[in-house]
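**Student:** Using my numbering, you'd call the opening residue of the sequence shown number 3 and step up by one each time.
These are computed hints drawn from the structure, not numbers from a lab.
In this text, all values refer to a predicted model and were calculated from it rather than measured experimentally.
You can trust all of the hints, since none of them are fake.
Below, computed lysine-lysine pairings styled on DSBU-like, alpha-carbon distance capped at 35 Å: (1) 1114 to 236; (2) 379 to 483; (3) 483 to 432; (4) 279 to 304.
Distance windows between CB atoms, simulated: (5) 878 to 429: 38 to 46 Å; (6) 542 to 1082: 47 to 55 Å; (7) 449 to 388: 26 to 34 Å; (8) 1160 to 52: 44 to 52 Å; (9) 1168 to 449: 46 to 54 Å; (10) 1168 to 1063: 49 to 57 Å; (11) 1082 to 1159: 30 to 38 Å.
Here a beta-carbon is modelled for each residue, glycine too, at the ideal position from N, C-alpha and C.
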Amino acid sequence: MKKFRKVLDGLTTSSPVNPGGSPVCGSAAGTPSTALTPRELEIQETLMSEHFQICKTVRHGFPYQPTALAFDPVQKILAIGTRSGGVRLLGRPGVDCHCQHESGAAVLQLQFLINEGALVTACADDTLHLWNLRQRRPAILHSLKFNRERITFCHLPFQSKWLYVGTERGNTHIVNIESFVLSGYVIMWNKAIELSTKTHPGPVVHLSDSPKDEGKLLIGFESGTIVMWDLRAKRADFRIYYDEAIHSVSWHHEGRQFMCSHSDGSLSMWNLRNTAKPFQVTFPHGKTQRDGRKESCKPILKVEYKTSRNSSDAFVVFSGGLSYDKAGRRPTLTIMHGKAITVLEMDYPIVDFLVLCDTPYLNEVQEPYAVAVLLEKDFVVVDLSQSNFPIFENPYPMDIHESPVTCTAYFADCPPDIIPVLYSIGAKHKKTGYSHKEWPLRGGTWTVGSQTYPEIIITGHADGSIKFWDATAITLQMLYKLKTSKVFEKPKSGDVGRSAELVEEDPYAIQMINWCPQSRIFCVVGISAHVILYRFSKHDANTAITSLEVRLQCEMEDVISPSDTENTPCFSDPSGLSPQPQPPSPRSHTPDSVRDSIPRLKVKDRTIRMPPGYQAELVVQLLWVDGEPPQQITSLDLNSAYGLLALGNCNGLAVVDYLQKTILLCMNTLELYGSADPFQRLTRSPRKNRQSTSGLTELSDNQVSLDPERSKSPTSDHVNGHCTSPTSQPCPTGRARVLGGTEGPRLARRGAGRPPFRKAQSAACMEVSLPVSSLTEGYPSRRAMLQQLHGVSMYSHDEHHITTYSWSERESRDNSFSRSRSSSVSSIDRETKEAVTTLQFAESYGCKSDTLPTPCLWVGTSLGLVLIIPMSIPMDEQERQEDPVTVAPTGTVLMLKSSVLRFAFLDCGGALINSPYEVWRDQHVPDVPDRPRKRKLVNFSPSSSQEASGDGHLAVVCSEKQAKVFFMPSQACLFVHNITESSFVLRADVVSVCNSVCLACFCANGHIMTLSLPSLRPLLDVNYLPLTDMRIARTFCFTNGGQALYLCSPTEMQRITYSQEMCDNLQEMLGELFTPIETPEAQNRGFLKGFFGGNTQNFDREELFGEAAAGKASRSLAQHIPGQGGLEGMKAAAGGVVGELARARIALDERGQRLGELEERTALMMSSADTFSKHAHELMLKCKDKKWYQF
3 MKKFRKVLDG LTTSSPVNPG GSPVCGSAAG TPSTALTPRE LEIQETLMSE
53 HFQICKTVRH GFPYQPTALA FDPVQKILAI GTRSGGVRLL GRPGVDCHCQ
103 HESGAAVLQL QFLINEGALV TACADDTLHL WNLRQRRPAI LHSLKFNRER
153 ITFCHLPFQS KWLYVGTERG NTHIVNIESF VLSGYVIMWN KAIELSTKTH
203 PGPVVHLSDS PKDEGKLLIG FESGTIVMWD LRAKRADFRI YYDEAIHSVS
253 WHHEGRQFMC SHSDGSLSMW NLRNTAKPFQ VTFPHGKTQR DGRKESCKPI
303 LKVEYKTSRN SSDAFVVFSG GLSYDKAGRR PTLTIMHGKA ITVLEMDYPI
353 VDFLVLCDTP YLNEVQEPYA VAVLLEKDFV VVDLSQSNFP IFENPYPMDI
403 HESPVTCTAY FADCPPDIIP VLYSIGAKHK KTGYSHKEWP LRGGTWTVGS
453 QTYPEIIITG HADGSIKFWD ATAITLQMLY KLKTSKVFEK PKSGDVGRSA
503 ELVEEDPYAI QMINWCPQSR IFCVVGISAH VILYRFSKHD ANTAITSLEV
553 RLQCEMEDVI SPSDTENTPC FSDPSGLSPQ PQPPSPRSHT PDSVRDSIPR
603 LKVKDRTIRM PPGYQAELVV QLLWVDGEPP QQITSLDLNS AYGLLALGNC
653 NGLAVVDYLQ KTILLCMNTL ELYGSADPFQ RLTRSPRKNR QSTSGLTELS
703 DNQVSLDPER SKSPTSDHVN GHCTSPTSQP CPTGRARVLG GTEGPRLARR
753 GAGRPPFRKA QSAACMEVSL PVSSLTEGYP SRRAMLQQLH GVSMYSHDEH
803 HITTYSWSER ESRDNSFSRS RSSSVSSIDR ETKEAVTTLQ FAESYGCKSD
853 TLPTPCLWVG TSLGLVLIIP MSIPMDEQER QEDPVTVAPT GTVLMLKSSV
903 LRFAFLDCGG ALINSPYEVW RDQHVPDVPD RPRKRKLVNF SPSSSQEASG
953 DGHLAVVCSE KQAKVFFMPS QACLFVHNIT ESSFVLRADV VSVCNSVCLA
1003 CFCANGHIMT LSLPSLRPLL DVNYLPLTDM RIARTFCFTN GGQALYLCSP
1053 TEMQRITYSQ EMCDNLQEML GELFTPIETP EAQNRGFLKG FFGGNTQNFD
1103 REELFGEAAA GKASRSLAQH IPGQGGLEGM KAAAGGVVGE LARARIALDE
1153 RGQRLGELEE RTALMMSSAD TFSKHAHELM LKCKDKKWYQ F
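When you get a sec, could you build the whole thing from the sequences and use the hints?
**Tutor:** See the structure below:
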């Protein structure tokens, strides 16, 4: 048991404190403050370094930038390759595995070893890899690197261990799959074509063996040349020279004819009896023009020719081939069955497709039943068994990116009833028209693990939609979708020009999510500086949405001097404490007041019908002020027990009572301090400066956009710790006003160079104005880092110019993200704008003299300051609906380095104190007369949970640079730990792991850290990811149970664990990719059909391609690389004494086993000999006395 020193009430009255109200603390973790000798309390910290390990668990979503597709018809497993070197393996729901090539080279082609549990990948770095799929985590067994030729096409015949590899030079090599070495047998391009041919045939684009004779290999060259190569005779059977380039070739199952697709949009059919010319050429989508010519068509990139037993007509499926004159046509997949031609339009370009068949044999009737179509941003499977060709309902979460993801939230160990309720509501809104058949990818096995608990992931999107996902047991299933845009009016047809000027593409994009699973109250922050509060109901309702408007903006005429700060009243308006709504104030219509005191969006002001699910109850919007748009909201917190909502931005703080629909507090940040402001801040010139706006980062990561000459403003350095303001307007400590009236007049012109919106882009919620110094000094601060992180454009008054800086260029200049805003008083003096970066409602102590905890609001700012605002909330339910809530800032200030990111509270036993909440009740259920429904509150007050430990509690505060633990109410700093000096923390959360709590941090340098609580002792520090992908920094979030997630690409979500216990149990949770299945037997063709149709000849490839017959290939042509998943890799990893002992033990075991078998065989032979001897003796005795004639 470890003892920690705690400073309790009344013991710090004589201790020296800094201006922030906390004692001077050391920087070493685990070193308590020594101002006074405190009373000792025993707190047992159970977490150790052995409890933590970083490990990837599962990846969800659509594979980003797919390139290749493959299918195992026996195992029913499908593989998708990507441009970044990833391989996604999909089977039945729950069987979903992601593999990654270390090189990161694009996957060109995939080939399954059918029913063998292995996969061959060909990558753009001219390397072949053999993956072992017989383990839950696939690994590479062998690799073969081609040194002198580029790989273009691969073909692996069924039940063959020899892989044909075509190259860019036109040569065809043969690789032994078992040993992964090249055979000496090579088909050179100059041998394949005629000697009289003067031109090179081009790269190999197709390889396939004839269904009729495996000894014949069909080679297709890009130029249009086709060669049938006799592997035994080592010569060409025939050669075809066609005028159009070839893209793909597909055989008829009888092996007598094949079909080619060409670059002019045509399909050609060839018969092996006459290869002089095609016996049929068709342009499926080309019409004959008046002059008799066919109209030009796009290339047919791929064709598949499949036969069916139930129909004499074959299926011909191809992609492309549309005519050029039809502009705007979407990509199509065409299915030709007999005379019927069906064109299926796709939402995205087609990357690849496969016709799925049951049989793995090419010389049998194929019986196609589905088409798997891989699109650039989607994956669909078409049912061929029905005439209308419906698609199957995809069980995988492939539509995460349906609208770009802008924020994420992860909730583990949710109430068990919330998932079934959300699913039942969401199931009513599912799409219909899917195929009724079972999902065709049924491979692998998966079972729910023994250690599972309800988990929910929430994603916010650029179109304003919210998606709830069931993430239990490392799966992901869509539960419920909510559209926040339905709260607002659509722009009228007459206001198209005005709305286009005011709002660009994504005005409803989601920036932040706040959800209370216990009370089921849901709150979102949008990019248009609006907050929407939702309540959950199982019944539909006809209600009106209440709208509150907040004028949270500094005003130009209210600039005050530092001396005036002391005389500034704590409240901007006495009515700010009143729960009664203010009457609308009259607005002047002078040109200076246009576009003033109006919100960006218009809330529906009529009664609307809301379906079951989440129903909007309240909308809070920030207003335009003097032609300037409201600054985006940077922090939000909601407490269902208090009935309060708090929001902040770079201008100040607002507190809303959502039960009484009133605004309680609306103040500038400096006004919250009163006379307790620890800094003497200088004022700045009231001249108007430039406004910079940005949105969220796009699906395709944009680079930095800056105008170095037009961004030189001394007031441009306004950043907060988590979300920063885009405004470079000076912000004096003017009094903010609250307006609740009707909408004022709008002006249909835009301020010079001040676009109110930019396009909402994926996975970001911050905006930054970058100081000029960062243009020449690399990354001197987090604000410079965030400028690149979120792609901000800085606009001048009249126009904007764009200069692009790439992340790699800036990182190469200076890889240090050092910055300490709060460590330099001179830098703070220049800050007159202080952003609210984090908010937290809690039962705490507002003053040192408090003896009992009361409802408080903890406020963290971008200068590293913490303010505690106590509140007086009526306890009786009726009084709560009628009496006002009193909010009174006391001036209590705590200090840390850099922007404050997170608050958490522990009792004196070290247990986490959860925020109080209201138990959910459906407000639209009819009340029973004799049982009136009342609010039921659950409170976790520290005084009620620690009678034996005394009064008070611990407050954990984490900033970008350091973490501190304070004792309340004395406000004494017990522990402090400097998390990082050269970087800064992007995300911090206090989470539960192994029945204890710790502080988890993710830093900008890619490090993941965990600190013990309350001692702040480092437990884990792993350089998990180099921060090259900005999307990771924007979407990373921790949750309980040692789990975290981030958006690893615009379409994929990666879940990881930092818990050793979950890493140990991960194998049990993952699905099995390979299941033992008997290979189907080949059909008996019959004597007559085999005799007249030419039966498939037996072909011994080993005899032809083996080293004895073909010799060895040149060593310089390709290099064999043992994989970590193979025997060679295991031997290499087992080096040293331990490995030698292990191998010796295995050898001894094998020798003992062989000796045991020999002993058993010897005993059996001896027993047989004894039996023989006995029978021989009996026979001798029987025949001893007989005469010769008696036999």
